[in-house]
Amino acid sequence: MGFLPLLRMRMSIALLRATALELAVLTAHMIVYPSGLIPERRIPGPTGGSPSAGVPGSPLPPHLPDSPALPALPAPHPPAVLLHGFVDNRSVFVLLRRALVREGGRHVESLNYSPLTCDIRTAAELLGRHVEEICARTGRQRIDIVGHSLGGLIARYYVQRLGGDRRVRTLVTLGTPHAGTSVAPLASAHPIVRQMRPGSAVIEELRLPAPGCRTRFVSFWSDLDQIMVPLETARLEHPDLIVRNVRVSGIGHLALPVHPAVAAGIREALEASGAEAESSGAVSVA
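Add 913 to a position in the sequence shown, counting from 1, and you land on the number used in the working numbering.
Just so you know, the hints here were simulated from the structure itself, not pulled from any lab data. Model, not experiment: these values are computed from the prediction. None of the hints are false.
Label-pair ranges, simulated between beta-carbon atoms:
no., residue 1, residue 2, range
1, Glu1045, Ile951, 16 to 24 Å
2, Ala927, Leu1039, 34 to 42 Å
3, Leu939, Arg1042, 28 to 36 Å
4, Arg1034, Arg1127, 18 to 26 Å
5, Thr1035, Ile926, 40 to 48 Å
C-beta: ideal position from N, C-alpha, C; glycine also.
Make the full structure from the sequences, and use the hints.
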């Protein structure tokens, strides 16, 4: 068998595996989806927040009225905010959230925005208000954000166009159409889908200069993501931004926020220094 036929066969097998995984993820997500419709419960810790804040069942510290107040210990990492994609909710981050809390010991919150949201700019403004509230409650000046698909685009607009780089240390995007995606033309009936098209006013705004942007970006893009058309649209290319593009091999769009190998890559990205964020990388799950 020649090289090209063998390559095509391997690609077909990989695509079949990725498609099967996408269907499994979709099925599991449909089961947990209703639980994500309820806003996340905020549980304050000794410093206004704790690595387990927002996790149902997390114990509160005992109240000791006769004991002197102990000095608050700084958290090892900035709080992390998880932002879901189009017509989704926070339930998509159940596994990633657990991984970040368990392995990173960080304060993690998952935000919901309405599925009726029709404008990326409005959603970005709402995100900004959430970020200010989280910073006030946790006593931290900066946070990290992980955004899946549309969530990454909303967060990027907040950072680049609304001054969010003052608050966001690192923005990790998972399968986000940074240059716009051409998939499912019929879905363009929804205004926010039109804003995700190549050449839309929002996409063009994000191409504008962003000198001095303080946020570092890490963009995970998959070579089998059938929602990103073309695939490279999930790569972030901008001359003014500090960017690390990470290629993920072997999985599709829905698996990006749930696969353990990607979760490990996200943890690494959130803990990396600014210099490391400028390099490229790859994650293989085959």
